[in-house]
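Undergrad: Sequence:
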Amino acid sequence: MDFALTEEQTAIFDMAYAFGQDHIAPFARQWETDGTIPKDLWPKIGELGFGGLYVSEEGGGSGLGRLDATLVFEALSMACPSVAAFLSIHNMCAKMLDSFASDDLKSRIMPGILSLETVLSYCLTEPGSGSDAAALKTRAERTNEGFTLNGTKAFISGGGYSDAYVCMVRTGIDGPKGVSTVYVEDGTPGLSFGALEQKMGWKSQPTAQVQFDDCKIPADNLVGTEGDGFKYAMMGLDGGRLNIAACSLGAAQYGLDMTLQYMSERKAFGQPIDQFQALQFRLADMEIELQAARTFLRQAAWKLDQGAPDATKFCAMAKKLATETGSKVVDQCLQLHGGYGYLADYGIEKLVRDLRVHQILEGTNEIMRVIVARQMLSNR
Numbered sequence: 001m002d003f004a005l006t007e008e009q010t011a012i013f014d015m016a017y018a019f020g021q022d023h024i025a026p027f028a029r030q031w032e033t034d035g036t037i038p039k040d041l042w043p044k045i046g047e048l049g050f051g052g053l054y055v056s057e058e059g060g061g062s063g064l065g066r067l068d069a070t071l072v073f074e075a076l077s078m079a080c081p082s083v084a085a086f087l088s089i090h091n092m093c094a095k096m097l098d099s100f101a102s103d104d105l106k107s108r109i110m111p112g113i114l115s116l117e118t119v120l121s122y123c124l125t126e127p128g129s130g131s132d133a134a135a136l137k138t139r140a141e142r143t144n145e146g147f148t149l150n151g152t153k154a155f156i157s158g159g160g161y162s163d164a165y166v167c168m169v170r171t172g173i174d175g176p177k178g179v180s181t182v183y184v185e186d187g188t189p190g191l192s193f194g195a196l197e198q199k200m201g202w203k204s205q206p207t208a209q210v211q212f213d214d215c216k217i218p219a220d221n222l223v224g225t226e227g228d229g230f231k232y233a234m235m236g237l238d239g240g241r242l243n244i245a246a247c248s249l250g251a252a253q254y255g256l257d258m259t260l261q262y263m264s265e266r267k268a269f270g271q272p273i274d275q276f277q278a279l280q281f282r283l284a285d286m287e288i289e290l291q292a293a294r295t296f297l298r299q300a301a302w303k304l305d306q307g308a309p310d311a312t313k314f315c316a317m318a319k320k321l322a323t324e325t326g327s328k329v330v331d332q333c334l335q336l337h338g339g340y341g342y343l344a345d346y347g348i349e350k351l352v353r354d355l356r357v358h359q360i361l362e363g364t365n366e367i368m369r370v371i372v373a374r375q376m377l378s379n380r
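Read in order, the letters of the sequence shown correspond to residues 1 to 380 in this note's numbering.
Hints were generated in silico from the structure; no laboratory data involved.
Where is the CB? At the ideal position from N, CA and C, for every residue including glycine.
Some hints here could point you the wrong way.
[As the list claims (entries may be wrong)] Calculated pairs, DSBU-like style, for lysine-lysine (alpha carbon to alpha carbon, straight line, at most 35 Å):
no.: 1; residue 1: K231; residue 2: K199
no.: 2; residue 1: K328; residue 2: K44
no.: 3; residue 1: K177; residue 2: K106
no.: 4; residue 1: K231; residue 2: K39
no.: 5; residue 1: K137; residue 2: K267
no.: 6; residue 1: K177; residue 2: K137
no.: 7; residue 1: K267; residue 2: K328
no.: 8; residue 1: K39; residue 2: K137
no.: 9; residue 1: K199; residue 2: K216
[Stated by the list, open to error] Label-pair restraints from in silico Cβ distances:
no.: 10; residue 1: P26; residue 2: N144; range: 47 to 55 Å
no.: 11; residue 1: L260; residue 2: G307; range: 34 to 42 Å
no.: 12; residue 1: R29; residue 2: R108; range: 47 to 55 Å
no.: 13; residue 1: Q30; residue 2: G307; range: 41 to 49 Å
no.: 14; residue 1: A135; residue 2: K267; range: 55 to 63 Å
no.: 15; residue 1: D257; residue 2: G63; range: 26 to 34 Å
no.: 16; residue 1: R29; residue 2: F269; range: 27 to 35 Å
no.: 17; residue 1: G339; residue 2: D103; range: 53 to 61 Å
no.: 18; residue 1: D214; residue 2: I173; range: 17 to 25 Å
no.: 19; residue 1: T295; residue 2: V370; range: 19 to 27 Å
no.: 20; residue 1: L196; residue 2: D132; range: 19 to 27 Å
no.: 21; residue 1: R29; residue 2: P309; range: 40 to 48 Å
no.: 22; residue 1: F269; residue 2: A135; range: 33 to 41 Å
no.: 23; residue 1: I288; residue 2: A18; range: 24 to 32 Å
Using the sequences provided together with the hints, build the complete structure.
TA: In structure tokens:
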């Protein structure tokens, strides 16, 4: 069993890290203040092949495995977890389209998606259906021309900002078997957006409700088979959970690196505070927890790449462990910074705010426990 990254994987991480430090980190605080990410950033990321990380090479993508992709998100989140997580959402959508959209639809939309000239949002959650996602009520009625959509999606990263929306809608009976996936382009008549949400973290990501009022789309914008949309949505979430776990680890690693530097410079009682054994124990605990979570995450990503039957269970476990570990570590980093950690200038409080939502999205950590327990019980 080889736990080392290959030369290619190390190069992928280094490339993403260098890009993040040069093009994202110096501006992250300003983008948070502005409440948006400049649109011209995305084509620059697209030039690296990050617009279709695990889109097949035959489809024009990078064809990376899920383990490779976690390295990209871990590295980018060391610059800004909000930007990295938004890219994860785009890639989750791109993979769904590459896997299930018709050839005609892919030929029309995938070039822009892969270059990141077209930025995607994922629309599953509704005001009345979060963890119970299969209870969604946004409806798509068949017409002679295609579909007419009515309903509302909630907490959508990129709502009113993105160029297109991959939406789970009800085309049939109640429950998961009545859900389909459709592609809705910005500017479609009947598509509108709520006011921007004022959030605790991820402030650079515009977030809003996505509203459909007799929104008409052509039949060709159906993704895959009618009635299979919920299955597609859940398949995308396995990878999304790995990515958000990686974002937690990358941000927490950055916080720990910053804390080590701060503690070497900050003096109390006549010596640098990193010389106090009690504080050294805290540093050691954070390192141990981060390394353990990272190893587990990479095992889960490997299982998903291999198509292991317990991959979904391991993705859920890794998401739960890594996101809680990340939040715990950055909270301790803030504590070790003392009052300075509470100031925006030091960048630690932003990490605390940004990482908190990772325990909620891509399936709450409570739902992760449900997935794990159900698989344990089914295997008895």
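Undergrad: Could you run down the list of hints and mark each one as holding or not?
TA: Outcome of the hint check:
Taking the CA atoms of K231 and K199, the gap is near 30 Å; set against the 35 Å cutoff, the hint holds. In summary, the hint linking K328 to K44 is supported, as the alpha carbons are separated by about 33 Å, within the 35 Å threshold. For the hint linking K177 to K106, the alpha-carbon distance of about 24 Å falls within 35 Å, and the restraint holds. For the suggested pair K231 and K39, the alpha carbons sit about 31 Å apart, so the restraint of at most 35 Å is met.
Between the alpha carbons of K137 and K267 the distance comes to roughly 58 Å, so the proposed pair goes past 35 Å and is violated. Of the supplied pair hints, the one linking K177 and K137 holds, its CA atoms being roughly 13 Å apart against a limit of 35 Å. For the hint pairing K267 with K328, the CA-to-CA distance comes to about 25 Å; that is within 35 Å, so the pair holds. Between the alpha carbons of K39 and K137 the distance comes to roughly 32 Å, so the proposed pair stays at or under 35 Å and holds.
A threshold of 35 Å between alpha carbons decides the hint, and for K199 with K216 the separation of about 31 Å falls inside it, so the pair holds. Taking the beta carbon of each, P26 and N144 are about 53 Å apart, inside 47 to 55 Å as hinted. Between L260 and G307 the CB atoms are about 39 Å apart, so this pair conforms to the stated range of 34 to 42 Å. Checked against the hint of 47 to 55 Å, the pair R29 and R108 fails, with Cβ atoms roughly 38 Å apart.
Between Q30 and G307 the C-beta distance comes to about 43 Å, which sits within the given range of 41 to 49 Å. One distance hint, 55 to 63 Å for the beta-carbon pair A135 and K267, holds here, with the actual separation near 57 Å. One distance hint, 26 to 34 Å for the beta-carbon pair D257 and G63, holds here, with the actual separation near 31 Å. Against the hinted window of 27 to 35 Å, the Cβ-Cβ separation of R29 and F269 comes to about 32 Å, which satisfies the hint.
Distance hint check for G339 and D103: the Cβ-Cβ separation is about 59 Å, which falls inside the suggested range of 53 to 61 Å. Range check, D214 to I173: Cβ separation about 22 Å, and the 17 to 25 Å hint holds. The supplied range of 19 to 27 Å is met by T295 and V370, whose beta-carbon atoms lie about 24 Å from each other. A hinted range of 19 to 27 Å for the beta carbons of L196 and D132 is consistent with their spacing of about 26 Å.
For the pair R29 and P309, the beta carbons lie near 44 Å from each other, so the given range of 40 to 48 Å is met. About 58 Å separates the C-beta atoms of F269 and A135, a value inconsistent with the hinted range of 33 to 41 Å. A C-beta distance of roughly 28 Å is found between I288 and A18, which places it inside the suggested range of 24 to 32 Å.
The structure shown violates the earlier hints numbered 5, 12 and 22.
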